[in-house]
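Residue numbers (this note's numbering), protein chains in the order written: chain C, 21 to 284; chain X, 2 to 233.
Check each hint, because a few of them may be wrong.
[As the list claims (entries may be wrong)] Sample of chain C residues at the chain X side, in silico, Cβ under 8 Å:
(1) R215
(2) R247
(3) E258
(4) G260
(5) D263
In short, the hints are calculated from the structure, not lab data. Note that the Cβ used here is the ideal one computed from N, Cα and C, for glycine as well.
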Amino acid sequence: MVEVTGASDQPLLVAEGLTKSYGRLAACRDVSFVLYPGEVLAIVGESGSGKSTLLQMLSAQLAPSGGRVSYRMRDGVLRDLAELGEAERRFLFRTDWGYVHQDPAQGLRMAVSAGANVGERLMAVGWNNYGRIRQTASSWLERVEIDVARIDDAPRTYSGGMRQRLQIARNLVTEPRLVFMDEPTGGLDVSVQARLLDLMRSLVNELGLAAIVVTHDLAVARLLSHRVMVMKEGRVIETGLTDQVLDDPREPYTQLLVSSILPA
Amino acid sequence: MTVMLNVENARKTFTMHLQGGILLPVVQGVSFQVTAGECVVLSGPSGAGKSSILKMIFGNYRCDGGRISVRHQGEMIDVAGAEPRLVLNARRQTIGYVSQFLRAVPRVAALDVVAEPLLMAGVARDEARARAGALLGRLNIPERLWSLPPSTFSGGEQQRVNIARGFISELPILLLDEPTASLDAANRAVVVDLIAAKKQAGVAMIAIVHDDDIRAQIADRTVDVTTFAAAA
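Build the full structure now, drawing on both the sequences and the hints.
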């Protein structure tokens with residue numbers, strides 16, 4: 021038996037023994053995994069399971085109490101996030117990573133135009149030709165199904181679903197290799213969720229993005245992710261192929277989660 | 002003959018934690034081989050574990066023991082113990098699964114649902130859509146429906162979209178779970194032809210079919226699943 025190698029054999033992100041404690045409370049305990057380019061990982065679990073804490077550590081917004089996260093920079097070198105310089109961190113946040121918040125108001129500037137929201141990320145990486153920025157912003161609005169006629173309107177005039185799509189455009193315009201998503205369909209109506217999920221699914225496929233999606237919604241995990249990690253009380257209790265974990269859950273808690281889904 | 006699939010002593014038991022941890026034995030000692038160009042039909046009554054065996058081969062259900070060796074890119078890999086990435090890779094390049102039911106993605110047009118496996122295999126979009134249309138036409142899905150999402154279709158139409166999606170690829174192993182279940186005679190005949198063409202192309206198939214007439218037409222060999230009955 022030979023281990024057959026896939027297209028990309030170098031991991032993009034490696035988490036080793038990630039732990040976060042607040043005093044005696046351990047929010048996240050000893051989480052390790054490897055993410056490859058183009059791979060979508062869902063982290064599922066109920067509120068308080070530690071999944072959001074984990075996402076913050078993975079995206080360098082929270083320092084772990086123990087363990088480390090390494091990321092393969094564009095030069096091919098795997099680097100410990102804790103040891104990056106300020107310029108390298110900025111590069112990750114502004115260009116190579118995206119972060120889609122549950123609440124679009126956290127990821128957008130609500131009072132400036134939609135076009136500026138998208139264009140801002142381009143200007144941050146040195147674009148300075150107004151015409152090109154506007155053209156790129158328009159084409160991204162189209163890709164996320166926002167009427168280009170609304171380009172000069174501020175997102176505070178947008179519906180919840182439009183805001184979330186705008187947040188996605190703002191994140192993807194710099195062609196990141198990795199996108200973090202925190203309950204991306206969280207506050208939306210069910211009909212709006214389906215459209216957004218479908219859009220995210222096709223964008224992730226087309227762009228070959230790697231993504232780490234935190235969700236308590238197993239339908240989101242099923243539609244978007246290749247692999248899933250189930251968290252409970254700060255620990256990863258089950259992990260595997262998404263359809264395998266959802267169709268043949270092994271742990272009692274995972275069986276409970278899966279059995280709690282209301283039939284459509 | 003090239004062995005494409007070799008199942009050795011595969012075993013599956015469900016543990017129902019929410020029902021007091023009762024054990025539900027499904028199958029044990031599952032052993033059979035399938036060679037290129039051969040269609041093996043799994044036989045046995047409902048509940049004997051036929052679909053579970055297909056799901057274990059596809060990596061959808063975990064194995065509790067044994068090996069499921071699949072010829073993937075010229076090497077035998079053990080699906081039962083493989084990393085998720087390798088299983089996904091095998092699904093892209095080696096093993097296709099045609100289930101009874103379409104898990105429809107909202108808003109995606111039937112034509113694109115069918116073309117997707119070709120796109121994933123690197124076929125150009127125009128060619129993939131042209132081939133998808135040809136296959137949908139052959140399965141008697143009228144062209145006016147191609148641009149609509151199949152979630153709005155009748156059960157039989159959905160199943161034909163699913164069949165088209167399963168048969169469009171050039172994967173060397175196909176798992177067929179009642180591919181003709183809710184089809185009329187004309188469409189059943191089309192599926193029988195599609196299976197014959199796959200055999201010609203050297204594809205190894207493992208099928209579940211309840212219709213005796215269809216089974217007689219497609220089966221090169223039958224494996225009786227009741228011999229794998231797990232002791233309760």
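Problem - Status of the hint placing E258 of chain C at chain X (closest C-beta pair under 8 Å) - result: Where the cut-off is 8 Å and the nearest Cβ of chain X is about 11 Å from E258 of chain C, the hint is violated.
Handout entry: Per-residue hint verdict: G260 of chain C, partner chain X, C-beta under 8 Å
Key = Status holds, d = 6 Å.
Handout entry: Status of the hint placing D263 of chain C at chain X (closest C-beta pair under 8 Å)
Key = 5 Å, holds
Handout entry: Restraint outcome when R247 of chain C is required to lie within 8 Å of chain X by C-beta distance
Key = Where the cut-off is 8 Å and the nearest Cβ of chain X is about 5 Å from R247 of chain C, the hint holds.
Exercise for the section: Against chain X, run the beta carbon of R215 of chain C and see if the smallest gap drops under 8 Å. Expected result: The hint holds - R215 of chain C has a Cβ within 8 Å of chain X, the shortest such distance being about 7 Å.
This entry does not satisfy hint 3, going by the numbered hints stated previously; all others are met.
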